[in-house]
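Novice: Given only the sequences and the hints, what does the whole structure look like? Please build it.
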Amino acid sequence: MTVTRDDARAALRDAEATGERSQTLFRYELSSPYLLLWGALWIVAGVVAAVSPANTGFGWAAVDFVGLGGTAYLIVRHARRCGTGDERVRLVRNIGTVAALAAFVGLTLMLFGPVAGGDVTMLIALVMAAGYAVAGCWIGVRYAAVGVALAGLCAGVFHLAPAQVPVIVPIAGGGALILGGIWFRRSR
Amino acid sequence: MSGADEIVHQPTRLRIMSALNALPRREMMEFVRLRAITGATNGNLGSHLATLEKSGYVTIAKDFVGKRPRTRVGITGPGRRAFQGHVAYLREMLEDGGGT
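The listed protein sequences derive, respectively, from chains A and B. Heads up, the first sequence is in our numbering, so the first residue is 1145 and it goes up one at a time. Heads up, the second sequence is in our numbering, so the first residue is 5 and it goes up one at a time.
Certain hints may be false.
Simulated crosslink set (SDA-like; lysine to any residue; CA at most 25 Å straight-line) [unchecked claim]:
| hint | chain 1 | residue 1 | chain 2 | residue 2 |
| --- | --- | --- | --- | --- |
| 1 | B | K66 | A | E1173 |
| 2 | B | K66 | A | R1224 |
| 3 | B | K71 | A | R1332 |
| 4 | B | K66 | A | P1177 |
| 5 | B | K71 | A | S1331 |
| 6 | B | K58 | A | T1146 |
| 7 | B | K71 | A | L1180 |
| 8 | B | K66 | A | H1222 |
| 9 | B | K58 | A | V1147 |
| 10 | B | K66 | A | R1165 |
| 11 | B | K66 | A | R1221 |
| 12 | B | K71 | A | W1327 |
| 13 | B | K71 | A | R1330 |
Just so you know, these hints were derived from the structure itself, not from any lab.
Specialist: Set out below in C-alpha cells:
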C-alpha cells in the first residue's frame, strides 16, 4: 500500500477530529445522569416551596441530602466506566471544581448572611449557570447552552416575578437541567 | 518504522477506530452514534465493522433495551494497538519526510 505525505496528513487530521468528537459525546453521556438527578430534585424543592412555604428550608435540606447521596453513587459508577486513564483524572478535577464552587457559595452566604431564601436560590442557580458556561468553554458547547439557558431563566424570573423566585427558579431551572440531561444523553 | 495497516487506513475504518480508541477501556459505543460520528450509511458502516471484527480489531455486542434492539461496538486490545501503531507510522512519515 502506498501512503503519500498528503494522505498521512489528511488521515491524521481526520482521526484527531473524529477522536475529539467521540470524547466530547462520551463526556456528554457521562454528565447526563447528574443533570437529570439534580433537575428532578430542584423541581421537588420548588414544589415543596410552592405547596408549603414554611417547609422550604426542610425541603432543600432533604433534596440536598438525597442529591449528595445520588451524586456519590453516580461518581462511583462514573469512575468505574472511566478505568484508570485520562477520564479518571478529569473526573477528579471535575469533583474538585464542583467542591470549590460549593465552598464559594457556602462561604459567600455565610459572609453576607442572613440572606433571604430567594437570594440563596438565585446565587446557587447563577453559580451553577456560570459553572456550565465555563465547562462549555473547555468541554463542549452544549454545556454552555445549558448555562446560558439557566442564567437567562433565573434573570428573567428575578426581574419579572421577584417574589416567586423560591418557587419558579427551582422548577424552571430543574426543567432546564432535565432537558439538558436528555439532550446530552441523546447526543450524536 | 512499522508499516501502514491496510485495514485501518481505509478512511471510514480509520474514523471508526479513532472514535472507539478515544473511549476508555471496555467502553462501547452505540451503532447509531458511531454512524453519526463517521458519517457513514447503515450498510457501509456495517460492512466496515464486519471487516474490522474479522480482523479482531473490534467486538460487536447485540442486546435489547426494553423491546428495542441495540448494537454496540468496542475496540479490542489488538485493535487499539493496531490503530495506535498506524497513527505512529503516519506521524513518523510526516516528521521524517519519508513515504512517497
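Novice: Decide, hint by hint, whether the structure agrees.
Specialist: Structure-based check of each hint:
{"no.": "1", "hint": "B/K66 - A/E1173", "verdict": "holds (20 Å)"}
{"no.": "2", "hint": "B/K66 - A/R1224", "verdict": "holds (22 Å)"}
{"no.": "3", "hint": "B/K71 - A/R1332", "verdict": "holds (22 Å)"}
{"no.": "4", "hint": "B/K66 - A/P1177", "verdict": "holds (24 Å)"}
{"no.": "5", "hint": "B/K71 - A/S1331", "verdict": "holds (21 Å)"}
{"no.": "6", "hint": "B/K58 - A/T1146", "verdict": "holds (23 Å)"}
{"no.": "7", "hint": "B/K71 - A/L1180", "verdict": "holds (23 Å)"}
{"no.": "8", "hint": "B/K66 - A/H1222", "verdict": "holds (23 Å)"}
{"no.": "9", "hint": "B/K58 - A/V1147", "verdict": "holds (24 Å)"}
{"no.": "10", "hint": "B/K66 - A/R1165", "verdict": "holds (24 Å)"}
{"no.": "11", "hint": "B/K66 - A/R1221", "verdict": "holds (22 Å)"}
{"no.": "12", "hint": "B/K71 - A/W1327", "verdict": "holds (22 Å)"}
{"no.": "13", "hint": "B/K71 - A/R1330", "verdict": "holds (18 Å)"}
Checked against the numbered hints above, the structure violates none of them.
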